[in-house]
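Engineer: Each chain, written out:
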Amino acid sequence: MIAAVVFIAVYALVISEKINRAILALLGAGLMILCGVLTQEAAIRGVDFNTIGLLLGMMVIVAITGKSGVFQYVAIWSAKKVNAQPVGVMIMLSLVTAVFSALLDNVTTVLLIVPVTLLITEELKVKPYPYLLAEILCSNIGGTATLIGDPPNIMIGSAVGIPFNDFVIHLTPVVLVILLATVAVFYFVWGKELVTTEEARRRVMSFEAREAIKDWRLLRQSLSVLAAVIAGFVLAHSMHLEPATIAMFGAALLLLLDNYHRPADEQTHNVHNAFSEAEWVTLIFFLGLFILVHGLESAGVIRWMAQQLLSATGGDFAVTAIAILWGSAILSAFIDNIPFVATMIPLIKSMAPTFGGEQALMPLWWALSLGACLGGNGTLIGASANLVVAGISERAGQPIRFLQFLKSSFLLMLMSIAISHVYIYFRYL
Amino acid sequence: MNVSTIMNASPVTISVTETFGNALRLMEERRVHALPVVDAAGVYKGTFDFADIWKTLLPKAALLGMDSLTDLSFVSDAQEILREKLAGAGSRPVSEFLDRRVEPVHPDTPVKEAILLFYRLDEDIPVVERGTNRLAGIVTPWEILNALRD
Amino acid sequence: METHSSQVIFGWSAAALATVIFIAVYALVIAEKLNRAILALLGAGALILCGVLTQEAALRGVDFNTIGLLLGMMLIVNITGRSGVFQYIAIWSAKKVNAQPLGVLIMLSLVTATLSAFLDNVTTVLLIVPVTLLITEELKVEPYPFLISEVLSSNIGGTATLIGDPPNIMIGSAVGIPFNAFVNNLTPVIIVVEFATVLAFALVWKKSLVTTEEARRRVMEFNEAEAIKDHRLLKQSLSVIGVVIVSFILAHSLHLEPATIAMFGAAVLLFLDNYREDADHQTKKVHGAFAEAEWVTLIFFIGLFILVHGLESSGVIRWMAEKLMAATGGDFKITAIAILWSSAILSAFIDNIPFVATMIPMIKSMAPAFGGADALMPLWWALSLGACLGGNGTLIGASANLVVAGIADRAGHPIRFMRYMKSCFLMMIMSIIISHIYLYFRYL
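Residue numbers (the numbering used here), protein chains in the order written: chain W, 1 to 429; chain H, 1 to 150; chain C, 1 to 444.
Don't read these hints as lab results, they were simulated from the structure. One or more of the hints may lead you astray.
To be verified - Calculated lysine-lysine pairs in the BS3-like style (CA-CA distance at most 25 Å, straight line):
no. : chain 1 : residue 1 : chain 2 : residue 2
1   : C       : LYS235    : W       : LYS67
2   : W       : LYS214    : H       : LYS55
3   : W       : LYS67     : C       : LYS284
4   : C       : LYS284    : H       : LYS60
5   : W       : LYS127    : H       : LYS85
6   : H       : LYS85     : W       : LYS125
7   : C       : LYS96     : C       : LYS229
8   : H       : LYS55     : W       : LYS125
9   : H       : LYS60     : W       : LYS125
10  : W       : LYS18     : C       : LYS235
Given these sequences and hints, build the entire structure.
Structural biologist: Right, here's the structure in full:
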């Protein structure tokens with residue numbers, strides 16, 4: 001009872017966005033312990049440190065890699081590859097964003113790509129809006145493709161123990177279809193409007209992509225570590241390693257390579273910065289949230305909710321899968337998908353006996369992942385990457401309005417869920 | 001010794017209703033590198049200085065202060081474009097450019113605090129009256145050095 | 001806890017691998033060529049990659065109570081520090097003694113010791129040292145005795161409570177010793193040690209600390225009220241600190257762990273400091289608060305806990321404890337005194353955190369030999385006194401020493417290793433002799 005009240009209060013306050021969500025989650029988690037719902041020990045057992053470690057490790061690796069300038073290089077290179085034709089640039093930057101997002105955090109990806117995009121569109125004297133819109137959508141779509149692309153996937157993979165390769169086998173195909181469909185829509189809707197002058201194009205063509213690389217040594221080191229980490233993820237299952245070990249070890253290795261030749265003071269400074277630049281608001285929010293959900297779980301609320309859901313779907317597997325897909329998509333368009341997924345995971349897990357064991361649940365996990373990740377594209381507040389891009393573009397004097405965004409993005413989101421529906425139906429149901 | 005004993009109590013100022021072009025001309029004529037901007041009642045609104053001019057010339061993406069775009073070493077140059085941008089800004093009101101990179105100090109602030117601000121930022125320091133926020137004067141490095149050298 | 005000692009990996013036993021990795025990390029940390037957080041993480045990763053521990057077992061080895069308590073207190077102190085209250089206290093205390101150099105030295109030392117008892121030592125000296133340099137420059141006296149006295153006092157004061165120094169946090173958390181037990185058993189002897197140390201300083205430096213009438217007047221003109229930057233924040237943060245400390249005292253009867261109290265206190269303070277701001281500002285401030293925490297230390301702790309857990313689960317710790325017992329002949333008194341002196345001497349030269357992390361499971365495993373966990377309490381006090389006070393022995397003995405040396409160097413008053421050791425090693429030995437007498441008469 002107390003657990004449910006605390007959880008709902010935190011959830012409501014997070015949705016109202018008046019108070020920072022990390023503070024709320026910590027306060028809520030503290031209340032769970034102070035009210036005696038959980039002991040501190042039980043609370044800590046509820047925290048999925050595999051998720052936290054994986055997120056932190058990847059954040060550190062990406063923050064260091066970003067300093068090499070490789071992402072700007074790729075963005076400029078891809079714009080020049082299509083002769084700086086505005087439509088071509090839009091398609092290339094969208095695809096680049098999707099690929100990066102599949103391997104890196106979405107927010108990091110847009111933080112790296114959006115400033116270069118603004119620079120190029122200003123030179124081309126074209127509206128940046130369609131570019132930013134396409135990048136937002138593609139970052140959320142690309143992130144859905146892999147275990148490490150988006151926090152919901154990390155949480156699902158870690159809690160259920162789904163290896164990296166399974167995500168690639170089951171999600172990447174449908175994500176590719178959705179990505180191409182989305183880019184095609186952009187091509188047909190915006191293709192005509194984006195025109196530039198010969199001279200502006202020539203200016204972009206004279207950009208020196210190689211000048212964007214700040215540090216060749218760091219570039220080689222960080223790309224090698226990144227490649228080794230991804231290879232580690234692919235092989236993790238057969239080596240009996242967890243993703244957090246691989247990510248944190250990779251981060252430690254990259255820190256070592258980047259620092260071993262420096263004096264002690266500088267090392268301390270660099271290491272401190274590498275960790276302090278991680279997104280603590282997100283990580284602490286996760287920490288608090290895991291404790292809150294664990295409180296609900298140990299108070300029996302989750303099991304009760306699962307029973308309600310099952311009785312609503314009549315215990316039919318196909319109906320449950322489709323309900324999860326659409327339900328998570330619509331909800332994730334309006335509320336943060338992270339607390340939603342954190343609540344859904346134990347809920348779906350507790351359905352295992354009804355549907356004949358854990359193995360049988362796999363399609364439900366794919367439905368949850370597709371719904372929660374792609375649903376974030378529905379509105380401007382649906383995912384962190386959306387808000388981050390809106391923030392940057394507002395500071396650059398190009399505000400993105402909620403309704404303007406909703407008009408185009410909600411339909412594209414529904415299209416992506418329809419494609420996922422067809423995919424899940426034919427492949428698994 | 002505090003700021004009021006050394007400040008320039010009648011600095012060159014510009015009205016908040018003036019234009020960018022006039023501000024630039026005034027800076028050139030009077031050989032100053034910053035102009036305190038005041039309203040009709042003499043209340044300090046901000047400072048117009050070279051940084052405001054550079055801001056109009058740069059691509060917006062470079063002004064975001066983001067780690068992912070720390071330099072422009074890879075872009076192309078075109079003098080024509082920069083000329084156009086400077087000319088284009090001429091008629092915009094100075095009120096669009098008011099940044100407050102230096103928080104104003106008060107007449108009773110210790111001179112040591114003013115020296116610390118110079119050391120950190122190297123910007124002229126506006127001095128405003130407590131409560132009313134009316135501009136009382138400005139302190140430039142020369143005011144301080146002249147007071148110390150007699 | 002599962003034992004892997006029979007397991008063989010790449011032809012090595014788990015115990016051998018854990019020992020080799022541990023010693024390698026330890027040696028590299030002592031060499032100080034590479035950052036210790038990187039080393040601890042790499043070592044912990046190597047243990048998992050070699051199969052000595054699974055990731056799950058490694059995480060079980062991490063004492064999140066220690067991490068949470070450290071992080072929570074760091075947040076609270078960083079936010080409080082912005083209010084300017086510590087500068088206020090320093091200036092106020094200097095004016096209380098009419099800015100007489102010797103009086104200022106004594107007052108600032110006592111303030112440092114008191115603050116260190118409740119806050120992290122490094123944070124305390126970071127807050128006090130800049131004001132000290134400001135005051136000594138105005139008084140035109142050598143800052144050296146002031147800084148040294150503050151270094152010693154911060155390490156001494158930190159020994160007094162559960163939350164004063166990382167070794168105490170680790171011991172308290174691992175053994176489940178409540179806040180009040182630290183106060184009852186350590187604070188009395190610490191007060192004696194602190195007064196003896198300050199007295200020694202006063203006697204040694206009395207002659208050389210002189211200033212002019214005019215310089216004193218200038219310091220007396222300092223306006224400490226202007227040092228308070230934010231009165232609202234001041235009231236909020238002092239209330240939160242007050243509530244947190246009261247909760248530590250009541251924690252045992254409320255069945256609460258220190259980490260819950262510290263983290264909840266930090267969350268409340270962040271809430272009070274933020275709820276009126278807009279969303280963007282909040283995000284920036286909350287991120288800033290966490291970013292300022294000492295991540296190098298926290299990550300080092302996490303890696304270290306995993307490394308020690310590797311030693312523990314492969315049976316190395318038990319073997320070491322047996323060796324130590326054999327050396328002391330299983331005599332409780334000799335064991336306690338040996339722990340006191342050897343931790344003091346070792347902590348003077350190497351980081352006391354990995355040392356204490358290794359000693360904790362070792363002492364724990366002695367429980368059967370000495371008749372249960374309760375009988376071990378004097379050993380924990382010996383470990384705490386030795387490890388915390390030992391840090392005073394050399395310039396590299398504790399983090400606060402190095403931090404002050406760093407600031408002093410930047411301010412143009414470098415503190416040399418040998419000069420420091422000449423005055424401070426004896427002071428450290430004196431503090432351990434006092435502790436020895438205290439332990440002997442009270443517990444042995």
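Engineer: Now look at each hint and say whether the structure bears it out.
Structural biologist: Here's how the hints hold up against the structure:
With a C-alpha separation of about 41 Å, the suggested pairing of C/LYS235 with W/LYS67 is violated against the 25 Å cut-off. Simply put, W/LYS214 and H/LYS55 have alpha-carbon atoms about 24 Å apart, close enough for the 25 Å limit, and the pair holds. In summary, the hint linking W/LYS67 to C/LYS284 is supported, as the alpha carbons are separated by about 21 Å, within the 25 Å threshold. The straight-line distance between the Cα atoms of C/LYS284 and H/LYS60 is roughly 22 Å, inside the 25 Å bound, and the hint therefore holds.
With a C-alpha separation of about 18 Å, the suggested pairing of W/LYS127 with H/LYS85 holds against the 25 Å cut-off. Between H/LYS85 and W/LYS125 the CA atoms are separated by roughly 13 Å; this keeps the pair inside 25 Å, and the hint holds. Restraint check for C/LYS96 and C/LYS229: the C-alpha separation of about 21 Å stays at or below 25 Å, so the hint holds. Using a Cα cut-off of 25 Å, the hinted pair H/LYS55 and W/LYS125 holds, with the two alpha carbons roughly 18 Å apart.
Between H/LYS60 and W/LYS125, the direct Cα distance comes to roughly 12 Å. Compliance with the 25 Å bound is thereby established for this hinted pair. About 23 Å separates the Cα atoms of W/LYS18 and C/LYS235, which keeps this hinted pair within 25 Å; it holds.
Hint compliance for this structure: hint 1 alone is broken.
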